[in-house]
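Peer 1: Using the sequences and the accompanying hints, generate a full structural model.
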Amino acid sequence: MIEGKLYDGVTAHPHDVRVSVEDGRLALAQDGGWNDSVEAALLKRRDAPTGMLRLGRSDLPGWRLMLPAAAEADLAGLLGAHDRYGRWIDRIGLVPALVVGGVITASVVAIGYLAPHWIAPHVPMSWERNVGSAIVGDFGEIRCRDARGQRALEALVERVSPGATRGPDAIKVAALNVPIFNAAALPGGYIVVFRPAITETNPDALAGVLAHEIGHVRHRHVTEALIREFGIGALIRLFAGGVGANAEQIVSLSYTRDNEAEADTDAIAELRRANVSPKPTADLFTHLSKITGEERGYTAEFLESHPLSGKRARAFTASFDPKAHYQPALSRDQWDALSDICWKRPIKK
Amino acid sequence: MDRHHEWAAAGDDRAIRFTGNWREYLPIAATNALLIICTLGIYRFWATARQRRYLWSRTQVIDDTLEWTGTGKEMFIGFLIVIAVLAPFFLFIQFLFPALLARGKLDAAGGVFFLFEIALIYLGGFARFRATRYRLSRTWWHGIRGGSDDPGWNFGGEYLGRYALVFMTMFIMFPWATTRLWNSRWNAMSFGPLKFHADLNAEGLKWRWALIYAAPVVALILAFGVIAALGLSYGVKQGPNPTLGGAVLAIILLIYLAIPLATLHWYAKFFRNAANATRLGELEFGFDASTWDWLKLFLGNLGLAIITLGFGLTYWGYRNWAFMVRHSRIYGSVDLGDLTQSTTHAPREAEGFADAFDIGAI
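Going line by line, the protein sequences match chains A and B. The working numbering puts the first residue of the first sequence at 58, with every later residue one more than the last. The working numbering puts the first residue of the second sequence at 825, with every later residue one more than the last.
Certain hints may be false.
Stated by the list, open to error - Computed Cβ-Cβ distance ranges for the label pairs, DEER-style:
1. A/Pro178 / B/Leu1133: 40 to 48 Å
2. B/Leu944 / A/Pro153: 39 to 47 Å
3. A/Pro178 / B/Leu939: 33 to 41 Å
4. B/Tyr1080 / A/Ala126: 51 to 59 Å
Unchecked claim - Listed next, the stretches of chain B that the computed footprint assigns to chain A, with coverage defined by at least 3 CB atoms under 8 Å from CB atoms of chain A:
5. 862-876
6. 917-928
7. 963-972
Calculated directly from the structure, the hints in this document are not laboratory data. Since we're looking at a predicted model, the values are computed, not measured. No residue lacks a Cβ here, since even glycine has one placed at the ideal position from N, Cα and C.
Peer 2: Spelled out as structure tokens, the structure:
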């Protein structure tokens, strides 16, 4: 006989009960003559302070039986195992769960990082064009629409990548009247150049920047980034909450460091083919790295989506051939037209 | 016959006590952290359930502990339900917004953004209500649980309306809005057959709120005074003035700290007043944490996380709960015979909405 207290789940009033085990069932009795017995399968351990054993019933939500902790030995046959980490973890055990989970987590992150790179080249260009025209549109008022400037901008693209602005997969280049120094490749073969990237540079440096963005388009890096962002990035963000923020950052960077390096290699090759000096591009990167503050240490660099401009500048500098007879990327007239692209009155369509 | 009379407010006879200790909690904290990392974060629902089960079972109220019956599985499923409902909406916005921007339709994009923000505020209020309701429905004492029969849709509307007023008055109306919302939320809650009754008002909270506006101004005036005093007593020929530099730095830090400290000062009083203004049947509540107590809690949390290189983060929930319980008071009596089972519906989406909107707390 074990003395205990019982809540019946109907009122908060505690009843004194005596408990024993009879024929594999839990028998309860009270002084007034009331008695009851409970099937072992219905009993479940509940949380209790130290020194107490608390049992519940799966069929009666508020039913609780409180016994001294020592009673556990007497009831051992009736009670199942402790609920520890949650059933799915308990079933395989903590250590196996950690090992299996660790391997799965590492693979998911690795696949999330690599898969977009494998899938992207197989996504039909027409899909990317559809997504691109849905998202990008015509840029409305922020696009600089001067016709001569636009011709010069397209000529610069043709200069570094002949034939790029023609055909079904044509690169569509646009200057935007946005006061930030930047250029970007967008889904569907769009390349946008922001105003300061034209007005605060020179034709050769802009050629290098455009060649780099063309590299992103050609290698399907944009598609890759889209898959990464909406695939694995969304998934991790969904479940991982705060803990996964770092993991998410690693997999959902707009472009990976490999992408950037690949686009740089392309740009260097195209500048050489076009006989345009890589020096101004190198100077531009050196200048940018001074603005943004260079050498943030290895960890910071690892997490950066863009390799440090200083390192990139060295790659462009190294490709400079002092014996070559480089030609300017654009004629004087073309560059003047391009420089004014955002200032001329827009041509009505 | 079952009346528990007039529980004293001090010593071991306190009607509400926290009996846990950090060594006992360590295995839970450590395995939770490991499992969360090894499951891409999915385990966090089960981790929350384990944490609460421990904390509730170490919270003694009068003569028995609380019990948490919420499970990781139900929180996980609740989260999935909410995501299934909200994901299409979010995805649509994620495409629509840049598409409008890229077409130069700035007004339309602004309009979409505005509507989106309104929906977020409404759902944020709704989530807060549902989280309170869920937590009460999974909290048991003497075999009885709490809950609410109000689904919380109207509360979301009230929350949106009051916050609209708060934004329009540059937050001047904030104390009124929060106190009214506290009342609306708690007046809809119950434990067993007993209704919570909250009657909080902004009386006594206005001056501390005004202090938040005054703090940066006062700090700035102080700053000019100090700089002027230091600058005048120092000759220009002597070169750069190290004391002045230090003073400027200290003052900049002070201005940055003034607003958060003044806000904390306000919240400390808000929680004391709120507990005093809330009753459950014949039970009355109290809360005695001062601004300094809160500051010690936050600095302690921060220090612990830094010293333990991040592992201390796993103790924040524990420390916050222990803090709340240690500063809580319960007065009055409860008739155990009259405290019958709750008839409220328990929500099935658990804390999915609160999770989706990152309204965490413990």
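Peer 1: Where does the structure disagree with the numbered hints, that is, which hint numbers, in rising order?
Peer 2: none
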